[in-house]
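Taken in order, these protein sequences are the chains called A and B.
In terms of our numbering, the first sequence opens at residue 2 and continues consecutively.
In terms of our numbering, the second sequence opens at residue 221 and continues consecutively.
These are calculated hints, taken from the structure and not from any lab test.
Errors might be hidden in some of the hints.
What the hints assert, rightly or not - Not the full set, but computed from the structure, chain B residues with beta-carbon under 7 angstroms of chain A:
id, residue
1, Met-380
2, Arg-439
3, Gly-457
4, Cys-569
5, Arg-614
6, Gln-617
7, Ala-622
8, Val-623
9, Asp-628
10, Phe-632
11, Val-636
12, Pro-638
13, Ala-641
14, Trp-642
15, Ser-648
Stated by the list, open to error - A few chain B positions that, by computed beta-carbon distances, are all more than 10 angstroms from chain A:
id, residue
16, Thr-415
17, Arg-548
18, Arg-652
C-beta atoms are modelled at their ideal positions from N, C-alpha and C, and glycine is treated no differently.
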Amino acid sequence: MKDPLANLLYPGEPTTATELTLLPVSPRRVLAAWPVLKGNGNGASGAGGNGHDPEHEAPRGDAKGLCLRIREVRDTELGGEVPGQQWSFDLADGQTGCLVELERPGLTVRAELVAPPGTNGAVPLARSRRVRLPSPEPVTGEGPIRWMIFERNGLA
Amino acid sequence: MAQGYLSVILHAHLPYIRPARRHAGDAEIWFYERALECYLPLIRVLDHLQRDGVRTRLTLSLSPTLIALMRDEIIRERLIAHVNRMVELSARELNRTALLPALREPAGTYHLRLLHLQNALTQRCGGELLGAFREMEARGQVELITGPASHAFLPGMLAMQPQAARCQIRLGLDAFESAFGHRPGGFWLPECAYTPELDEILGTEGVGYIVVDGRALERASTPAFHGIHAPVYCPSGVAAFGRDRDAACLPGCNAYGHPTDPLFRDNRRDIADDLPLDYLRPYLPDPNTRIPTGARYHRIGTTEDGSDVYQRKAALNRAAEHAEGFMRDRMHRAQNLAWKMDRPPLFVCAYDMHVFGQRWFEGTEYLDYLLRKVHFDQNVLETVTPGEYLHRHRCNQMTTPAVSSWADEGYFDQWVGPDTAWVYQHLSRAVRVMRELTESVSEQDGGDEGKDIGQDQEAQDASPEGLGHPEANDNDLQTRALRAAARQLVLAQSGDWVTLLQNPQHAEYARTRLHLHLSNFARLASQIRARQIKSGDIEALERDWPIFGEICPDAYR
Numbered sequence: 002m003k004d005p006l007a008n009l010l011y012p013g014e015p016t017t018a019t020e021l022t023l024l025p026v027s028p029r030r031v032l033a034a035w036p037v038l039k040g041n042g043n044g045a046s047g048a049g050g051n052g053h054d055p056e057h058e059a060p061r062g063d064a065k066g067l068c069l070r071i072r073e074v075r076d077t078e079l080g081g082e083v084p085g086q087q088w089s090f091d092l093a094d095g096q097t098g099c100l101v102e103l104e105r106p107g108l109t110v111r112a113e114l115v116a117p118p119g120t121n122g123a124v125p126l127a128r129s130r131r132v133r134l135p136s137p138e139p140v141t142g143e144g145p146i147r148w149m150i151f152e153r154n155g156l157a
Numbered sequence: 221m222a223q224g225y226l227s228v229i230l231h232a233h234l235p236y237i238r239p240a241r242r243h244a245g246d247a248e249i250w251f252y253e254r255a256l257e258c259y260l261p262l263i264r265v266l267d268h269l270q271r272d273g274v275r276t277r278l279t280l281s282l283s284p285t286l287i288a289l290m291r292d293e294i295i296r297e298r299l300i301a302h303v304n305r306m307v308e309l310s311a312r313e314l315n316r317t318a319l320l321p322a323l324r325e326p327a328g329t330y331h332l333r334l335l336h337l338q339n340a341l342t343q344r345c346g347g348e349l350l351g352a353f354r355e356m357e358a359r360g361q362v363e364l365i366t367g368p369a370s371h372a373f374l375p376g377m378l379a380m381q382p383q384a385a386r387c388q389i390r391l392g393l394d395a396f397e398s399a400f401g402h403r404p405g406g407f408w409l410p411e412c413a414y415t416p417e418l419d420e421i422l423g424t425e426g427v428g429y430i431v432v433d434g435r436a437l438e439r440a441s442t443p444a445f446h447g448i449h450a451p452v453y454c455p456s457g458v459a460a461f462g463r464d465r466d467a468a469c470l471p472g473c474n475a476y477g478h479p480t481d482p483l484f485r486d487n488r489r490d491i492a493d494d495l496p497l498d499y500l501r502p503y504l505p506d507p508n509t510r511i512p513t514g515a516r517y518h519r520i521g522t523t524e525d526g527s528d529v530y531q532r533k534a535a536l537n538r539a540a541e542h543a544e545g546f547m548r549d550r551m552h553r554a555q556n557l558a559w560k561m562d563r564p565p566l567f568v569c570a571y572d573m574h575v576f577g578q579r580w581f582e583g584t585e586y587l588d589y590l591l592r593k594v595h596f597d598q599n600v601l602e603t604v605t606p607g608e609y610l611h612r613h614r615c616n617q618m619t620t621p622a623v624s625s626w627a628d629e630g631y632f633d634q635w636v637g638p639d640t641a642w643v644y645q646h647l648s649r650a651v652r653v654m655r656e657l658t659e660s661v662s663e664q665d666g667g668d669e670g671k672d673i674g675q676d677q678e679a680q681d682a683s684p685e686g687l688g689h690p691e692a693n694d695n696d697l698q699t700r701a702l703r704a705a706a707r708q709l710v711l712a713q714s715g716d717w718v719t720l721l722q723n724p725q726h727a728e729y730a731r732t733r734l735h736l737h738l739s740n741f742a743r744l745a746s747q748i749r750a751r752q753i754k755s756g757d758i759e760a761l762e763r764d765w766p767i768f769g770e771i772c773p774d775a776y777r
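Next comes chain B alone, as it looks inside the complex (with noise of 0.2 angstroms):
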């Protein structure tokens, strides 16, 4: 029996992003770059340990927006037809770099790394990253779990009304139930934000259990006897994980996951910012648009002898090294708590998944190293995911956590400071009319109970704008605009939003989007009220955000 469990837990999540009509806009972009250097290097990876017999337990944690994404059709032709200009744009670098012979060799090694990810998307993938995840949770090597459905701040939701809180839950469950098959065992907390008002939403939505940060369990109302090595039960009796906030700082990066080692390659020097638009446009989604291309020939730091061309072979060494370190530094520890307690400590590694492969170039070798080593090379640490824990160790303390989330003070000024406290008030004001008009559209619908046709018509004529009531088939739109409200709504309050809001570089996009969810939004709540449903509004809804099918309006009543 090992001596202590490392369970490392992946999590990604993007804002949805409705296909642009023409080309891809730049969010769109977003998701076509974590493909090609995130998703595919990981699914990579993963193939290949279990193809090397290499016994990996793994979490991964998928947003519902991001699974919707990776269902949209139009946003799977694109990411073939993005990849494929990838490659097109890197065995043109071959031949531009082909007289450069300090690029040569960084150009060729980044042209053969994407014909491998072509290759998986396209062969191993079908173009379909979500199958390849279902198929590794099939065979046991990962455990998949979800979040609110839009990643909603929960905090500020359940301050809100409880009603938005528990509506982001259920759907998200939802939303992976229909993308899998299946409930998922753990939910995941966008932001680690927790507060203990969550916890009889989260257990009566049936979640078995969540991540917090180590502080809240080391703030509980009763302290957790083993720390963060051990999960907690909360009343309702979710469990709780407590991440290891040593674990989460990776070796050679900083505290939000970008590279500092100076072997590592330099992710903010891209070809397209130095050569010429005409050279690349070719290969751009938009052709008057420069995006990154992802080929980046340089590193952190430099050389003796001045060179600051990226060297892969001494990266991966580097990234090895790192691996190795951390492995043993948790393996001491381990040995160290194992005696004070009654089962093998346990230390909760949990990540962004996009610091693998995009922040940090060699993160996701880093990990197949990691994982590679923990199997072969010890005996000490064995890797589980969250859920088999609680198969293995059914007893555990009951307290409530505290608040808290993964923000450097462990609370939530990150997410709600003086420049995004707006955004609340908005989102604030438009639950209590979504569930006013969930209320008052279910009281007509009960008040229209017992009547008959003959009385409908006579309150027809009697009505003073000749509007009347709706006909037949008005309830069947009543709702569909309802739950395209709901869908709005549950748009409006992703918590991207705020983040973004906070980068002068995406403000402007955080701005639009929610002015855009917010009067659509605002817009249908008019037409419910007046009984006045436009059907033409509601069908162009349904066709641009198609998403959240199982919404369900009630949930806000």
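Chain A with its partners taken away, still in its complex shape (with noise of 0.2 angstroms):
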């Protein structure tokens, strides 16, 4: 479906692409969305898909060849975290929004838009928070049941 509002501006709007935002929605399905770029500025496009979708391409703009990175994160034991796996979209010109599906449920990932070689190099132009997909299983694991007492404010 294409954007019925993709001709809004909003006044103001940062033209760079300063915040990856990424909303959770199933154990492997991940909402990415970003502000519009730098060049493309006729505004939004629909979301979904890699950006290979005819109907999900914008009218016009010049941020061609930009690619969404979903990248696994995995914690180490010392508590850093490592990179796994990674998947690459490329998207749409103007595009502003891609509704991913992932191979497996319940990863832990971030993201990271990345223009083509030549124009920013490698540097990602984005990067969004870390997210962790929910899990499709119950949790079996046995740890300690705390119990508490709360005073809560408000309580009738």
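Since each chain sits alone in its own frame, please combine them into the complex, following the hints.
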């Protein structure tokens, strides 16, 4: 579906991709959204797929060749994190969002918007925060059960 | 002491609808239909339970936009006019059906019901529904709670900017307090959509409890020891009650609350679809637009002799049987669970309030029967509100509920799909602009501090455009513009638009509303940035959208 408000502009909107939002949708799906990029000033296009669907292409713009990278993140025992598997999705010109289906459920991921080689080099234009997709399986951990007493404000 | 607790929670919400200038528009009619078919019958049921000494503890969640509609004077006047028109129509129906023996009885029953509801609205409530809910809360019969300001899908807001979620929550609580004079103990999460990142915001905003889908507890970071039959504390101290999915499917109805029992009234066959427009015209708000009248004389199934005429008595008997069956089932489960737990098991039965009466005509009577049966016919179950439960059982397990919603699959696909994802992109962009606006205005204010008028005048004279700095009262205008922009943004964030976009009948309305609020927002943002605020524009928006007077744009910083 096309974005029916594609021509709506937001004055003062940052014209560089400084923020990339990831919204977990289900154990395997995540929505990535980012502000309109410098140069593709005609606004947003519809989200969906990996950008190859012509229905989702924006009418004009010059941010061709951008790529969305979803990177699995694994925690180390020392508290750091190491990158895991990575998936790349080509984006249509002017696209400002993408609903991504991952291969496995329950991953912890980060996303990056990467410019095509030769424009901004290999430097990502934007990075998302780390997001954990829900796990479809019930937790089987045997962690200790903690019991608490809270006196909440506002209770009737 | 009871062996089990039954906590019935009814959630009601409607998007904010600006009253149309001349006559009620389509969306405005939604409110009148729901008032007539759901809110007023529910008020009557609760009054009768109180009169008959039935101990009832019910939780009612009223969304801030619905509260605003109930407080709106134009809407209140038009509701009375709508009910009066429907009573007149039902009286005319008595004449029309006088020679139609099959329809005479349901038409008479419907007319009588409307007379009772008219009386409830004008005499009992004095035309103000909110007063009746306030009174029921004061007498301890119901616990009132609320939700985000415009019923926003909070995980979506949170993913954009935490400030967007915080603003929705804070504004919702403030709007409730303004209407009822106190903060609510509980907070309704639209679609029961929960993500652990919400916890900190809910905690710092003083929320006492939330209702989550049962799967949120089953998949919690440490599995809930009592499953869905006791609440857990989230790390912030907010209590999370797990919705019982078995109880969510009402007997005699499908999963969405539409009746399936053949004896129940068929809500799809309205006289508005069958009778000539000329006959209906005097009773329509817009004389050229048909609206559902609520007069429906047929049942879902047919009898052995082929009749499909609605028989009220048979339908109510069936509703009572379903109430009995539901109660017995919960009693049985409570007795099975009681020996395994250190406290009576809790059954959280959370529903969309509009199922009762509107979707399911006999729903309010079902509720009436259920509450009476729980009071008179057994001593295993006791009705409690979540707030009351927490007073009785202060010690609960602490864990982090899992990402979940009350959708079939338990996640967010229903609200963030390929057809609706574009909405979040727009909202995300607008929230960023709002944040920048509030920050820049704040910096201007801070930057202006310490300057004297002469410095301001110099700056004004030096301005290349000749616009200069705002005059003294422009700060006030700027604040009003920021508030108006924030209000439009909050209205655009309503979760209804995503839901309605997926309904072909209402998709155009949702697109129009989204476009209206976002373009209003963009226009205001442009004026604020250029420091060329048009006071007439602000006044028009304040007049046309008289909601969320408590809004504070600083929440976006």
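Exercise for the section: Go through the numbered hints given earlier and state which of them the structure violates, listing their numbers in rising order. Expected result: 4, 9, 16 and 18
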